[in-house]
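> Sequential numbering of the sequence shown, starting at 1, is according to full-length UniProt numbering.
Hints listed in this document are in silico derivations from the structure and should not be mistaken for laboratory results.
What you were told as hints is all true, and nothing was included just to trick you.
Distance condition first, Cα-Cα at most 20 Å in a straight line; then the derived EDC-like pairs of lysine to aspartate or glutamate: (1) Lys107 to Glu12; (2) Lys107 to Glu24; (3) Lys103 to Glu91; (4) Lys17 to Glu29; (5) Lys107 to Glu29; (6) Lys69 to Glu46.
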Amino acid sequence: MNIRVIAVDNSEELLIKLTRILKEIDGVELCGSFHEAITAMQYVRENPVDLVFSDVVMPDISGITLAAKLYEHPDPPEVVLLSGIPGFSLEAWKIRAFGFIIKPYTKMQIVKMIDQYIMEKNRVV
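The task is simple: from the sequences and hints, build the whole structure.
Below is the structure:
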């Protein structure tokens, strides 16, 4: 079974990079790439998603706010926050985000986060 994933980043260049990385990973179904957190939130309300990779600093709402709102859903996806500002890791921890990756990230870091998600889900089942 594939892990359903979406990517959220207001930077066109970084969204393309993240989208490319996610498309290259076996077992991952990239369901969407979004420039705006609000659009991503609407997508998650209407479609099943397992994992969200989101930038923290965005113009409409932050990735931290996005994660907090998504965690209010009855069956929320896990959220991995991405930022070039290491201090946001504390905020990610406070809202119990699944993970935090400092930019610039590598494909290996994304793969490790997906592997960690798989291991945690298998442990719960």
